[in-house]
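Q: Sequence:
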Amino acid sequence: MKTSAEAIELWKAHSKYDAWITYESWHYRLKNVTDLVRFSEDDKLYRGTPISITSTSDNKKESKQFIEYLKTESSHQVFQKWGWK
Numbered sequence: 039m040k041t042s043a044e045a046i047e048l049w050k051a052h053s054k055y056d057a058w059i060t061y062e063s064w065h066y067r068l069k070n071v072t073d074l075v076r077f078s079e080d081d082k083l084y085r086g087t088p089i090s091i092t093s094t095s096d097n098k099k100e101s102k103q104f105i106e107y108l109k110t111e112s113s114h115q116v117f118q119k120w121g122w123k
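Everything in the sequence shown is counted per the numbering used here, starting at 39 for the first residue and increasing by one.
No wet-lab data here; the hints were simulated from the structure.
No residue lacks a Cβ here, since even glycine has one placed at the ideal position from N, Cα and C.
Label-pair distances were calculated between CB atoms; the ranges are:
no., residue 1, residue 2, range
1, 92, 117, 18 to 26 Å
2, 70, 107, 29 to 37 Å
3, 111, 56, 32 to 40 Å
4, 111, 52, 37 to 45 Å
5, 57, 106, 34 to 42 Å
6, 45, 100, 30 to 38 Å
7, 55, 112, 33 to 41 Å
8, 44, 80, 27 to 35 Å
9, 92, 45, 23 to 31 Å
10, 105, 61, 17 to 25 Å
11, 55, 111, 36 to 44 Å
12, 93, 58, 35 to 43 Å
Sequences and hints are given; from them, build the entire structure.
A: Now the structure itself:
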């Protein structure tokens with residue numbers, strides 16, 4: 039498997055799998071077929087969401103504006119809605 043999307047398809051296609059451990063954000067897209075099990079803080083894994091502007095971008099100004107938006111509380115609320123902390 040290369041992506042979480044591939045893992046989802048395998049998990050859904052094979053009823054022999056009892057569990058699938060992944061990021062909380064996937065639960066919100068698959069609420070009808072998943073249960074969210076919360077781990078203690080010591081057992082949680084967090085990953086970053088890096089972003090950068092390519093040197094060949096034709097939209098540097100807009101890209102910088104988008105990056106600034108990602109730093110706002112409004113953006114953070116969108117991420118939280120979908121299971122990102």
